[in-house]
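Protein sequences, first through last, are from chains A and B. So the first sequence is numbered by this note's numbering: it starts at 186 and just counts up by one. So the second sequence is numbered by this note's numbering: it starts at 186 and just counts up by one.
Source of the hints: derived by calculation from the structure; they are not laboratory data. Check the hints yourself; a few may be wrong.
When chains are identical, the list treats them as one kind, so a pair holds in a single copy or across two.
To be verified - Using 20 Å as the maximum straight-line C-alpha spacing, the simulated SDA-like pairs for lysine to any residue come out as follows:
hint	residue 1	residue 2
1	K629	V498
2	K601	V528
3	K468	L552
This is what each chain is made of:
Protein chains: 2
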Amino acid sequence: MAILDPETVFNQIQVALAQDDINRAIQILESLRGPDQADVFNELDEDDKIALLPKLDPSTSADILEDLEDEEAADLMRSISSDVAIRILDEMEPDEAADLLGDIDRQQAETILAGLENPEEVRPLLLHPDDSAGGLMTSEFLALRRRMTAAEALQAIRRWQPESENVQYLFVIDGQDSLVGVVSLRQLIVAAPHSILADVMNPDVITVQAGADQEECAQIMARYDLTALPVVNGNRRLIGVITIDDVIDVIEEETTEDIQRFGGAQPLDAPYLSTRISTVFRKRVGWLMLLLVTGSLTGTVMRWFEDELSAVVALSFFIPLLVGTGGNAGSQTTSTIIRALAVGEIDLGDALHSIWHELRVGLLLGLTMAVIAYLRAVTWGSGQGLALAVSLAIFTIVVWANGLGAFLPILAARLKIDPTTVSGPVMSTLVDATGLFIYFMIAKLILGLW
Amino acid sequence: MAILDPETVFNQIQVALAQDDINRAIQILESLRGPDQADVFNELDEDDKIALLPKLDPSTSADILEDLEDEEAADLMRSISSDVAIRILDEMEPDEAADLLGDIDRQQAETILAGLENPEEVRPLLLHPDDSAGGLMTSEFLALRRRMTAAEALQAIRRWQPESENVQYLFVIDGQDSLVGVVSLRQLIVAAPHSILADVMNPDVITVQAGADQEECAQIMARYDLTALPVVNGNRRLIGVITIDDVIDVIEEETTEDIQRFGGAQPLDAPYLSTRISTVFRKRVGWLMLLLVTGSLTGTVMRWFEDELSAVVALSFFIPLLVGTGGNAGSQTTSTIIRALAVGEIDLGDALHSIWHELRVGLLLGLTMAVIAYLRAVTWGSGQGLALAVSLAIFTIVVWANGLGAFLPILAARLKIDPTTVSGPVMSTLVDATGLFIYFMIAKLILGLW
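Bound-form chain A, shown alone:
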């Protein structure tokens, strides 16, 4: 099947709905793949969604709800009857069902839970925070006894009917239900039918506790190339499994948060267009106010030099250029260093090395900028003295911005603060005040103003 143009499909469904041919609309929708169904479905009017959902095959509805944004899915759940909701949730993977139930009100969730085929698979998942290993895991896994033979294990797999197709690893437990090994489907197939699991399995299983942060889980899975990560409790009893598809979503989510922090805002926690104006405002105003107040420091620095500014107004023409270049050089450095820290290319032991690296880059960049700034000043008809002061200042500011841009994220990491908090805007603001101070001091010296 080719990947269809969603626009075309959407139009076909709209036509069918306009003709009240709901069966045709369903037929078109069900011919698509899960994520595409969700995309097309999401574009429909609210009324059409509520009308279609109970009429679709429950497993189709389950796929759609899984792929919709949390908020949107919860809204739909509130609009359909509990009977329909139960039929749909029975088709969902338990972790997705739990996420959805966690987003609707408690009473409706309890009613639905009571009607499910396997409520015991879903209920324990409701206890864990969304961003922990426990919130990410599914309770749908197959645990086999270590004394089982490979043939018996294959038989158990035949009897097992999981909702998810992505099953590649099975877990091996001992008499106390403690996790003691992992075995892949391929190992089971290749093994002699009578060999026992304890001899076939890999006893070196990497596990996490239910409370582990989701970002830590993602890092472990990426590092060790795992497609399934078992979650255990304090007694090493297997309570769930995190699968790679959920982790890719986590990586995407964490990247979004990092990039929003880079821009000097708190993460939105929800898709952009479905976030209310007031929420976006709240997430941004704090930083903006703080940066405005600290930024007014720069104004204070300038007030110290009021006499010089009155005497040589041309001094002020270079202010935006100097603080802009300083801020840009600083942003280049922080973004590189923060990312290198995040992916583990540098660690705290490399601190001095990294700062030295940046200072040398800063020397080269500073020299280049100094030459350009000198030429720019001269072509503006500024005097030799002012041109010299500007070019010396820009050199010093760039070196300083590079050094600070390397030092601050590393300091933040050492103090266990998220290094992204000292990114772009914070750096610019810091470099502004100090940079202007450097500029005026150099100008005073060179122009002999004092």
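Keeping the supplied structure of chain A fixed, place chain B upon it in accordance with the hints.
Chain B only, in chain A's frame:
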């Protein structure tokens, strides 16, 4: 096995090496997991690395070289004999072997390739660019005939000895070797032994061409929750498979590039500390120079208002605060919009909606900033007129920065330019010049300067 503290292990190995007990060093190293082996190994002196590599089990050396950075691995390859290199590469997955051979000189690569057990698995992979589907795929896959029975397929799997354990899907081909379906190990196990693959398989296979961009492959796999993505040629012949572990590395790499672009630099393409100063310089100087030149526009704007600045020096005190706040508000917006575009939360059809969203956020933020700026100006002892001008200017600048911050990335996306290029530094520079113009015009009006 617990995750050992790498520092401790490293020290133990250093002690063993100092006592010339190379076997002990090897024993300690081989007791670790692959990625941990690579980390510890990487900390050793160059001489120790070259001494250890030929003495390790070739499969251990293969794991280590796969997990080292490309540059570092290539350096080591150049220092060991071709015989040793051949033994190691024979243990590698073909895609990793090809990546490594692509990084060393042609003649050595040819010698090694000639000595490999299965050169035909590696050679075709050398033809594709590193960042394409062809460069990412492995040629190690199992293609089964559609007329085979499930039992025969399982038999074929037993005979097959891939280097990688991560095998979950098998591909089904017709008489012309065209890809016609995919079947999971679990489906084969569950199927009746005599059922033929054509009836068991899923005929809806998502594929990519060898030339597809690696980012596109990552997006497809993330969207459709795939753990393996088949690569086909123009005749739909299967030529390779991309596995999820490689894609996670791609996502990490692409995020690094985006974040570096966000900081206003070209991506480094290599780990930070192993990038030469001159390279880092080259990647940053272009943007910095461009931004300095466009930033000097701001100076030009100020020169137009030279008379006003001479008359009221206090006007200049607010320049850093105004341009800083405008730049920060712009960065907050661009980072949100760029990310929303990247993950598909908004598309070009949402352009007007997004800009309108931002303008309303900008109104709220602008009002708040105006109040704070007014108070700040008054406490600095500026006159009522100046305080009013500053607060009106900051309001206008914030709304303008938000609008521009939403408009530019969307415009870039529409023009098929990477939206990250209009991130932080570019926005700041743009907002600086226009913001100051707005400020001076308002000040002129209110202070009746003209």
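To see whether the hints hold, each was checked on the structure:
Taking CA atoms no more than 20 Å apart as the test, K629 paired with V498 passes in both settings, with 13 Å inside one copy and 17 Å between copies. Within a single copy, K601 and V528 get their C-alpha atoms as close as 16 Å, which meets the 20 Å cut-off; across copies the closest is 29 Å, which misses it. When the C-alpha separation of K468 and L552 is checked against a cutoff of 20 Å, the pair qualifies only between copies, where the shortest distance is 16 Å, while the shortest distance within a copy is 39 Å.
The structure shown violates none of the earlier numbered hints.
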